[in-house]
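A.B. asks: What follows is the residue order along each chain.
Protein chains: 2
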Amino acid sequence: MSNQGGLRERKKEATRQAISDVATGLFLERGFDNVSVAEIAESAEVSRMTVFNYFPRKEDLFFDREEESRQMLRAAIAERPAGEAPIATLRKLVQGLADRAQPFAKFTDATAKFWRTVADSPALSARAREMRDELIDDLATVLAGAVRRPLADADARLAASMVVTALTVAYAEGLREHKARKPAASAREAFLQIMERSFSGVATMLKGTPYA
Amino acid sequence: MSNQGGLRERKKEATRQAISDVATGLFLERGFDNVSVAEIAESAEVSRMTVFNYFPRKEDLFFDREEESRQMLRAAIAERPAGEAPIATLRKLVQGLADRAQPFAKFTDATAKFWRTVADSPALSARAREMRDELIDDLATVLAGAVRRPLADADARLAASMVVTALTVAYAEGLREHKARKPAASAREAFLQIMERSFSGVATMLKGTPYA
DNA sequence: GAAAATATTGTACTTGATACAAATTTATGG
DNA sequence: CCATAAATTTGTATCAAGTACAATATTTTC
Numbered sequence: 064m065s066n067q068g069g070l071r072e073r074k075k076e077a078t079r080q081a082i083s084d085v086a087t088g089l090f091l092e093r094g095f096d097n098v099s100v101a102e103i104a105e106s107a108e109v110s111r112m113t114v115f116n117y118f119p120r121k122e123d124l125f126f127d128r129e130e131e132s133r134q135m136l137r138a139a140i141a142e143r144p145a146g147e148a149p150i151a152t153l154r155k156l157v158q159g160l161a162d163r164a165q166p167f168a169k170f171t172d173a174t175a176k177f178w179r180t181v182a183d184s185p186a187l188s189a190r191a192r193e194m195r196d197e198l199i200d201d202l203a204t205v206l207a208g209a210v211r212r213p214l215a216d217a218d219a220r221l222a223a224s225m226v227v228t229a230l231t232v233a234y235a236e237g238l239r240e241h242k243a244r245k246p247a248a249s250a251r252e253a254f255l256q257i258m259e260r261s262f263s264g265v266a267t268m269l270k271g272t273p274y275a
Numbered sequence: 064m065s066n067q068g069g070l071r072e073r074k075k076e077a078t079r080q081a082i083s084d085v086a087t088g089l090f091l092e093r094g095f096d097n098v099s100v101a102e103i104a105e106s107a108e109v110s111r112m113t114v115f116n117y118f119p120r121k122e123d124l125f126f127d128r129e130e131e132s133r134q135m136l137r138a139a140i141a142e143r144p145a146g147e148a149p150i151a152t153l154r155k156l157v158q159g160l161a162d163r164a165q166p167f168a169k170f171t172d173a174t175a176k177f178w179r180t181v182a183d184s185p186a187l188s189a190r191a192r193e194m195r196d197e198l199i200d201d202l203a204t205v206l207a208g209a210v211r212r213p214l215a216d217a218d219a220r221l222a223a224s225m226v227v228t229a230l231t232v233a234y235a236e237g238l239r240e241h242k243a244r245k246p247a248a249s250a251r252e253a254f255l256q257i258m259e260r261s262f263s264g265v266a267t268m269l270k271g272t273p274y275a
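Chains as they are written, first to last, in the numbering used here: chain A, 64 to 275; chain B, 64 to 275.
To be clear, the hints were calculated from the coordinates, so they are not data collected in a lab. Keep in mind that a hint or two might mislead.
Where chains are identical, the list cannot tell them apart; a pair therefore holds if satisfied intra-copy or between any two copies.
In silico SDA-like pairs for lysine to any residue, Cα to Cα no more than 20 Å straight-line [stated by the list, open to error]:
1) Lys74 with Phe115
2) Lys176 with Ala189
3) Lys169 with Ala148
4) Lys74 with Gly94
5) Lys121 with Pro185
6) Lys74 with Ser263
7) Lys245 with Pro273
Only a predicted model underlies this, so the values are computations on that prediction, with no experimental measurement involved.
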């Protein structure tokens with residue numbers, strides 16, 4: 064049944080990876096909208112149907128690691144010290160991300176090119192927005208759960224929306240700084256400054272609720 | 064050349080309206096994704112090409128009055144009393160919207176059905192998100208202009224993002240309240256409460272900037 | 001090695017969208 | 001009022017994403 068390391072499993076993983084690699088390369092080189100799925104299939108020496116088998120939508124070929132980020136958020140909140148307000152936890156988490164240049168807070172030529180490719184494609188931009196909204200929903204649910212509310216309530220949704228929006232703005236600002244070729248740590252500084260201000264604003268919004 | 068009220072102009076407007084009406088009706092009745100453009104063309108007794116002539120994308124058949132809302136925002140900021148901070152202006156504007164049940168703050172069965180149709184369609188949801196981002200961009204530009212900054216700076220983008228995000232959350236909450244068949248004014252109350260809290264949070268974020 | 005399970009492929013089809021030429025309708029100038 | 005210019009509408013052809021479903025090939029299991 065399961066067969067973790069069987070030939071079949073390995074081959075599947077290999078083809079999947081091959082398709083993804085070929086696709087990413089083509090996208091970064093020529094732009095998402097100028098590469099057809101047929102072409103990717105051909106380049107990866109696989110049938111068109113197989114591509115859609117692994118990646119239901121074309122956009123999934125470009126974004127294939129969203130799940131990790133949301134796991135990180137979930138874990139941070141679940142494992143926070145007893146009695147700590149969720150917003151405080153997130154605040155520390157963001158600090159940690161920036162210090163270690165992890166996802167959401169990594170500003171390099173590679174990430175700049177990645178997001179440039181996204182910005183140049185309406186389809187990818189739409190998918191990025193969709194992921195943002197999914198992240199908000201997810202965070203709202205986790206937040207509500209963290210304070211023993213069964214369903215995400217209005218406060219949780221407000222908190223989640225604000226934090227994710229702040230992340231988006233701060234990250235964009237960090238990238239801008241990076242592209243302007245400012246001194247190395249400058250992007251991180253810009254990012255953190257916006258996040259810090261945002262968190263204090265969000266704390267104000269949520270005063271009197273169990274979230275802040 | 065111009066010929067404002069000529070036969071041609073009138074016919075154009077009539078066909079455009081006819082197409083839009085037919086389409087909206089079908090969408091609300093059967094869902095956006097279950098109605099093809101070909102079908103709309105047939106129902107409107109017009110060729111498929113003509114539909115795409117007036118409405119480049121299918122989604123435009125459903126959202127055809129976004130421009131008005133952004134004009135309203137622009138006007139409010141441009142015409143604000145001398146010396147008033149932009150955020151304060153927006154705060155009053157939102158109060159006014161809620162009092163008069165205007166766009167962004169209107170909670171009726173019709174608006175509920177409208178947004179339900181949007182939520183049921185991936186394509187419409189994507190377009191709504193896109194419009195949200197366009198609104199943020201627009202507001203950021205207006206805000207920066209209002210304090211004599213040539214281009215939207217980081218503060219303006221943060222302010223715009225936060226205000227529009229707050230509007231989204233507050234509006235969704237208002238709709239939820241409406242659908243729960245709470246007393247008439249309840250939706251407006253929920254909406255305003257979230258907006259008020261959000262504005263005070265945003266003011267905290269922007270302390271020291273010319274926006275708040 | 002045969003049978004079952006699962007991947008892969010091929011074919012056909014639907015739909016949104018674009019390009020471009022042909023045909024129709026309205027406007028205009030003598 | 002007619003010829004012609006301008007603009008609108010239509011038809012045809014084409015492309016790409018995505019889905020449905022059957023046919024084929026490959027791996028696993030017994």
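A.B. asks: One pair to classify: lysine 74 and phenylalanine 115, alpha carbons no more than 20 Å apart. Within, between, both, or neither?
C.D. replies: Answer is within: at 17 Å inside a copy they meet the 20 Å cutoff, but 45 Å across does not.
A.B. asks: Between copies, within a copy, both or neither: which fits lysine 74 and serine 263 at Cα up to 20 Å?
C.D. replies: neither (50 Å within a copy, 56 Å between copies)
A.B. asks: Given identical chains, is lysine 245 near proline 273, meaning Cα to Cα at most 20 Å, within a copy, between copies, both, or neither?
C.D. replies: Answer is neither: 40 Å inside a copy and 25 Å across each miss the 20 Å cutoff.
A.B. asks: Checking lysine 74 and glycine 94: alpha-carbon separation at most 20 Å within a copy, between copies, both or neither?
C.D. replies: neither (28 Å within a copy, 41 Å between copies)
A.B. asks: For lysine 121 and proline 185, with the copy left unspecified, which applies at a CA distance of at most 20 Å: within, between, both, or neither?
C.D. replies: both (13 Å within a copy, 15 Å between copies)
A.B. asks: Which holds for lysine 169 with alanine 148 at a C-alpha limit of 20 Å: within a copy, between copies, both or neither?
C.D. replies: neither (26 Å within a copy, 34 Å between copies)
A.B. asks: Between lysine 176 and alanine 189, at a C-alpha cutoff of 20 Å, which is it: within one copy, between copies, both, or neither?
C.D. replies: Within. Shortest intra-copy distance 18 Å satisfies the 20 Å Cα cut-off; inter-copy 24 Å does not.
When each numbered hint is compared with the structure, violations occur for hints 3, 4, 6, 7.
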